[in-house]
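**Q** Make one complex out of these two single chains by using the hints.
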Amino acid sequence: MTKLKNNNPPYIKLKDNARTVMCDMMIALVPLYIMAYFYYGARAIALGIVSVLCCFGLDLLLSFLRVRKINYRDFTSIITGLIIPLFMPASIHYGIVIVADIFAILVAKQVFGGTGNNVFNPAAAGIAFATISFADKIFMYPIPLDAHLPIFSNEIAGLVQAPSAILKFGGIPTTEISDMLFGNFPGPMGATNILVMLSCFAFLLIRRTARPHATVAYLITCAILGGIFSRADMGFFLSSIFELFSGTLLFGGIYLLNEPTTVPTRNISKIIFGVLAGALTILFRHIGAFEQQFVFVILICNSFVGIMDYLTEIYYAKKRSEAKNELNSNQKVS
Amino acid sequence: MKLFDTVKGVYLDQQKEPALSRDIVKFISHSENIETISCPKVQDDKYTLNELIDIAKEAEIVDDHDGKMLYRKLRTAKKRKILYIIGDAVDDEPYISSQLNPLLKMQEEVCGGLKYIKQAFDNAETYFTVYKHIFDIETQIPKEIDGIEVRKVGGRYPVEGVNANIQTKDSLIIGVGALIFLYRAITKGEKQKTTFITVGGNCIGNPCNLEVSVGMPIMTVIERCGLAQNPNRIVIGGAMAGINIIDPEKTLVTKYTGSVLCFKDNEKDRNFECINCGRCERQCPADLNPMLIYKSIKIGKDKNAIFLGAFDCIGCGVCSYICPSKLDVSYEIQSFKQKTMPQGGTDEDDEA
Chain A
168 MTKLKNNNPP
178 YIKLKDNART
188 VMCDMMIALV
198 PLYIMAYFYY
208 GARAIALGIV
218 SVLCCFGLDL
228 LLSFLRVRKI
238 NYRDFTSIIT
248 GLIIPLFMPA
258 SIHYGIVIVA
268 DIFAILVAKQ
278 VFGGTGNNVF
288 NPAAAGIAFA
298 TISFADKIFM
308 YPIPLDAHLP
318 IFSNEIAGLV
328 QAPSAILKFG
338 GIPTTEISDM
348 LFGNFPGPMG
358 ATNILVMLSC
368 FAFLLIRRTA
378 RPHATVAYLI
388 TCAILGGIFS
398 RADMGFFLSS
408 IFELFSGTLL
418 FGGIYLLNEP
428 TTVPTRNISK
438 IIFGVLAGAL
448 TILFRHIGAF
458 EQQFVFVILI
468 CNSFVGIMDY
478 LTEIYYAKKR
488 SEAKNELNSN
498 QKVS
Chain B
90 MKLFDTVKGV
100 YLDQQKEPAL
110 SRDIVKFISH
120 SENIETISCP
130 KVQDDKYTLN
140 ELIDIAKEAE
150 IVDDHDGKML
160 YRKLRTAKKR
170 KILYIIGDAV
180 DDEPYISSQL
190 NPLLKMQEEV
200 CGGLKYIKQA
210 FDNAETYFTV
220 YKHIFDIETQ
230 IPKEIDGIEV
240 RKVGGRYPVE
250 GVNANIQTKD
260 SLIIGVGALI
270 FLYRAITKGE
280 KQKTTFITVG
290 GNCIGNPCNL
300 EVSVGMPIMT
310 VIERCGLAQN
320 PNRIVIGGAM
330 AGINIIDPEK
340 TLVTKYTGSV
350 LCFKDNEKDR
360 NFECINCGRC
370 ERQCPADLNP
380 MLIYKSIKIG
390 KDKNAIFLGA
400 FDCIGCGVCS
410 YICPSKLDVS
420 YEIQSFKQKT
430 MPQGGTDEDD
440 EA
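Taken in order, these protein sequences are the chains called A and B.
Residue numbering for the first sequence follows our numbering, beginning at 168 and increasing consecutively.
Residue numbering for the second sequence follows our numbering, beginning at 90 and increasing consecutively.
In case anyone wonders, no lab produced these hints; they're calculated from the structure.
Computed from a predicted model, the values in this text were never measured in an experiment.
Incorrect hints may appear among the rest.
Straight-line distance between alpha carbons at most 25 Å, and here's what the computed SDA-like set of lysine to any residue pairs gives [as the list claims (entries may be wrong)]:
1. B:170 x B:213
2. A:182 x B:207
3. B:194 x B:211
4. B:392 x A:182
5. A:182 x B:213
6. B:194 x B:277
7. A:486 x B:423
Isolated chain B (complex conformation) (with noise of 0.2 Å):
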């Protein structure tokens, strides 16, 4: 019945100022032993595509959109027919902006690792992707960077942010990051000892982007840019579904952290309890009633949850962030989830 439905999720706070108009900070410690790449030269500077596999997993790049490596995307788009080539530059989740940032201030590294990607695919089509709803921004994105077109796509938090940048068959999609170790590696043949993150939260005393070498300590990392006051938690890989961190003296930056976050909260907003105000049902996308599966998980009435639909919860936090009493709803349901639903191969499965 779709008389008075309307489209579901929400817009994030994007507090992505004053993070994302700085300049990108190096902060590399030196190392004795400097490891260089063997490059081939070649005419015309045009590469094929197995030689740009080569140097990629020479180089050992990582592609920040998705974690794999670069020569294993490479190679398995080998065997499709590529039609565009997309870089990806869509920061939709809070503070993060490691990818928006090297592309505006980077912008000439950033082509020329797009374009020899470009003449091994027969010259497919290029573009940029980046993301529409920040309110809060300061510099202007411009239509184009390099000849390059920069599309903006839009969407609510989770369902048309995420369908809007998945991999079709005649498309790949190559974060920005990538495309940076791609024509270092080529014109200067250096491999990629270094990534880049945000840091961010509200105490941290200077937000901004850095690029950072590879295994070096969170805790370093902070202090660099200054603490306002002290944090409750820290987070890296993101704020909806990131990882939390006890010790950062121990715990190092690697290829696939992405940003680190540290948060104060105030502790008196934790007493309260569900007020059945129902705004984690107006914005659930898979239509389910996230308060009446709350209760019943707390009371302890199993099959009462599994009827009201626990299983087909996808797991997107709205219910969470939308709380007004910040009540733990998702987190309640998925480990819930992890409890009690049937293993594959097991003889419960075949009865499910």
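Okay, chain A solo, but in the shape it has when bound (with noise of 0.2 Å):
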């Protein structure tokens, strides 16, 4: 008999482990490329395949030159070279993905301590560095169907603006809403299909990986306020129907709102950590310089985590200690 070992109790553990949870988000995101492929062509797995290997390695050696052990099984980075491309449009550059993939992974990952311990997002803080620094060139997009894009040259033209870009000049947009719903629409690579974003998050709530909370509270503050402040002369309901279909406001709230280390874990928490970035996400629309800013707001929302658990836990502890006051006066009485 080999050696045994000194565990502790329990000494069964249910079957599912890390790899499950990090596989369910990866297979959320592998339908939009697919949707992607079908209206941009293969230049559009290229990117992506690029950005996943960059990241995963770029990892890897971090880990190993901060002298920590090496988990091969760790694919929290793959997750988030899979969502960067999906922010950019299929024409960009192969250069400005892998520099938001180097920032993501070095300053807002290992300069926290890696997987389990950053307090910002990565993927946002790859894709804000982008947005800051080559603003003209992430905001024009190819026409889908008509493309015809070279995989591997970067030499693209007939690029168009989206609809959010006529919304922010104060325009009413002329794509017709059963076009918006099937993601045929000049916009970023994974973000215009709706139905199929909408599909990918019943996956993740049944699964039980995402709880709804976040998000529900999130998409109803924003289609509620943005219908009440529309940007042109629209009427309620369709304005915020436009608010909630363009851009990168659905993306951003089903994959980016339920990263499990980012985002406070108790529901009440979750539900004002929605309002408050639903809240600013409107408002960055009506005052902000660029015209998809929903990565800034993620990120202002990520630094007022810890208070958020911190004054959570104060409520729960207070909670307990009337509950057992409660009970040691009614053993005194009785």
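**A** Here you go:
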């Protein structure tokens, strides 16, 4: 018999392990790449592969340099590598994607301590850096189903602006709502397919990887405030639909608000987090400089997570001490 | 605030087959001297409570429901007015079926023992209790056995399963094994020299329930059932709160053992850190946040851990069971509690 070890109770564990949680998020991102291939050709998939290899390799190299135990089954950097190209147009230069990857892994993740210890969302930090540095190239999109994009060359012509730019200038977009549901309009590679994103969210809810509290509170706040404060003369219902469907609002609300490390844990804190993010998104859309600024909103909200957790724990500690005092007084009386 | 509250606790993965549907096997070592007890002959086969207490004391019967001697339980029950007598066959821990299996396979002895106790307590009401949420069971549990009703109790671990089996003032709960040994003591005059245990786990080739004589080494019991692969750990007493043994050749089976389980797990799955997924906080029955308490203990901030409620932990183990990174959350909190909690009778106790 081999040598037996000392272990601690309980001696059985559930069959799910950490790879299950990470693989669920990866499975929910793959349909967006399939839709991007359908609209824009093979360049979309090539961008995804380059980004994933860069992120995963850099993460392993930096863990080795920090003298930590290398874990080849840690897939969180692969998820970051899959999310970053989906924020950008399909005609983007390869160098911009690699620059965003390096900033995301090096500055926003490894400097703070690696997996599980980061304060800010690394994908959001990488996109924010790329937006500020290359502002004129990130917001020009190719037309879907008509694009004929070359796979490896970086010189592309014939780019247009998205409906979110039209809203910024105070006009009413001319795209049909059925086109917007299926993704047949120019926009970021992954953020245009509304129906596919909603079904991936339903998959994450059924698998219990994501909880509905943060995303649902966020979407309800955005819909109500976007309808009240419309940027053009459109009416409540139409304005709220255009605000929800244009830009990276829905994509960020599903994938970035459900990243487990950078979001508060308790259900009450998640609802407050969603409401705060929704209010800030609509505010930035009115007074912000760029046409899509969800990544800046989420970086601001990530810095408040520690305080929200602390205040919620104070509330629960008070409830526990009140229950104990009530029990003690009941025992003294009887 | 009860707006979004859900029921806490988790349904454990009960892998009781194939041990549950097999017959009980006897595995007894023969000894030279056969001891018997003297049993008074009574008319109409009815024994009074004092006679039953004497028989149970001579036969040294141990109750497998809570580990107490049977004669002491009957003696304290003399002072109360008993309305219900419950035969306990609730096996709500995974792999274990050492109470349910004898109930289904040795029905005559169980019902005989229960009827003797019923007549001693002025014909109180009797029934058996059985756990409801065994999803992979192959035999059907009957609705009544020999005229006695079989009731199903259910609940998630640990909240409702524990509450269903608490002894109230007017009820008496006795395990099924003790009933069998009481019947044998009255009819054949035998002392209790054996016990019922389950042998299971993912390393055993032939999982089954055995009737083993007390004093047999655990290695012999494991070899009787056959090993399919070499185990990493051997556990007795239950998978959630049992004892880990290191030397199976020198540890012996006692009347309090209950089960022997052998496991093997993949070691490469133990390299992960906490990814803040929040599953432990969702299922905690005491409304704590085990994730933050674990991190405070690891860093060394004791006051933070006490503020977050480390002394209110009930030690159920659901957070460790459900953690995808396979961390020992519950064990760390319990060992912190033992080191830091002020002991009763000292000066610190007056301050706390």
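**Q** May I ask which of the numbered hints given earlier this structure violates, with the numbers listed in increasing order?
**A** Going through the list in order, the structure violates hints 2, 3, 4 and 5 and respects the others.
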